[in-house]
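*Asks:* Protein chains in written order, with UniProt numbering: chain C, 1 to 300; chain A, 1 to 288.
There are no misleading hints in this set.
In silico lysine-lysine, DSSO-like type, Cα no more than 27 angstroms apart, as pairs:
hint, chain 1, residue 1, chain 2, residue 2
1, C, Lys-98, A, Lys-46
2, A, Lys-46, C, Lys-136
3, A, Lys-49, C, Lys-157
4, C, Lys-93, A, Lys-35
On the chain A side, residues computed to face chain C include the following (Cβ under 10 angstroms):
hint, residue
5, Gln-52
6, Arg-56
7, Ala-63
8, Asn-65
9, Ile-67
10, Arg-75
None of these hints come from the bench; they were simulated from the model.
Cβ coordinates follow ideal geometry from the N, Cα and C atoms, glycine included.
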Amino acid sequence: MVSKTEETQLNRLENQVDNGGGGAWEYLCLARKLKVRRPEKVLKYGLSILNDSKKRSALGPEEWTLYEQVAIAAMDCQCLDVAKDCIKVLRKKFPESKRVGRLEGMLLEAKGLWGEAEKAYSSLSEDNPLDQVIHKRRVAMAKAQGNISAAIEWLNKYLEIFMADHDAWRELAEIYVSLQMYKQAAFCYEELILSQPTVPLYHLAYADVLYTLGGLENLQTAKKYYASTIDLTGGKNTRALLGICLCTSAIGQVSKGRNKEDKESPELQSLAAKALEKDYKERADDKHGLLTCVLRSLKI
Amino acid sequence: MAEDLVLDTAIRDWVLIPLSVVMVLIGVLRYFVSKLMRSFQVPDPKIVKEGQVIVRARNLRAAANFIPPKSFRSRRVYFSNEENGLLFVPKGQAQNAQAQMFSDPNMAMDMMKKNLSMIIPQTLTFAWVNFFFSGFVAAKIPFPLTQRFRSMLQNGIDLSTVDVSYVSSRSWYFLNLFGLRGLFSLILGEENATDDTQRMMQMSGFGFDPSKSLSAEKDGLDIVQHEWALHNSQLCFSRADVGFHKQGKEASLAPSNVPQQVQASGLDSIGPRNETSFANTYAYAMLI
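Just chain C, same shape as in the assembly (with noise of 0.2 angstroms):
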């Protein structure tokens, strides 16, 4: 995840280099180190400095590193003869290198033949069992193929060695989100707020995914996770309060024939729908009207 103030550095520099000011360099390492993905202005600012023989030897030993991003941006954009010759040249420096051998299986990856691909890594990963890419490029490969059981089958597999990867717990649990295994996807969601429990999107998802399991109990707990996204945004994630009012009213038919516990249920709903109904005055007046038809028929 990328902080708000990298963020705003990035498409600073971005600006700027689209405006022909100079410091492509800082911005390629800027995306290497942030792990974005801008593969069009990565390729574009890439080549130039590659193809430009002085710029070249003025990055030193930095240079291999670059090959290796432009050739990963040409993949995403599928400029397979970029890719190809910048691996070729990254095996004439490094012949017997595993990170090329790596590179190698993403353009086999690129090209659609996945059998290849598969077998380059598997003999990669015997050399080498805890490379982390690798794995993850496996997962990639079976969720391109469309063979989604097999990614999760992968997945778990790599989540049993490397626990501590919250990127990969994020993968997983949109994988089974895609997939109505709600139960699981809980699981992951609460493994990432552990892991950060500052972030209000997983605090969101985790709303989510509860709201929809349904149940009294799992309700109850969406509500309370809707609340701390709201908490954590300072009030202004308009899906956590339409989360709230869904929640409440969806509490009150669940729980209608038995005795209703009301603690301040209505006045969270109300405090909800006046923040609502103030928000989409102000940006979205249109919809107005849509949103007090729904708020109305939410209040039964």
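Once you have looked at the hints, place chain A on chain C.
*Replies:* Relative to chain C, chain A alone:
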């Protein structure tokens, strides 16, 4: 006797400065040699996994109050139950770690190499200093010292009446040994092999003992009392919301990137993200 001895400036030119220069050069040489001799150590999968388990258990302990009590309890059982809990190390295995460290040839070789690269230059330089630079007063320490330091600092000087502040070149050697660490981190960058003092401290406390840290984490986890922070989150919400009302205009900033950043792929079943397709949410709300 507290008289001032006048020290020849030739001492400064021919003893203090050359000694420092030599030590810096030897340090740089050691750095490059260690870079050449660095062998690629294949990380043991078991150790990696244990490291990750510890991180995960630590996260669980730290953020335990953010997940519902039932899931916390199930995770705690998962980690510390008797049969196959991740953190549970049966007594027999606990002792093996140290013995294993000695018998594992690669690790022993590595440790020996590191120790050698530290011990040999130190010994040689010390012998050189003793041979060439002994028997005279090299410097004066600016603050007064007690008599106890005499044996340490005035080794070559056999006069017992000389003030303890006047030291021999051996003490200058030791001063350089510990003081040049900062200089090396400036010239050679952060990671350099000349961190002798750090290594000496590491040698006394024996390296990575996974079983001990695992049982430490297990104990910590057993102690944790779960108190659900979100129990009162609704109160916090109403407080935050009141603030929201007050803010008015400021709240209409660009929708905090929060909704957009979550990948659109998976969660479509619950309802779309942006308010423009509000109608769908409305339809969905009617269904429940």
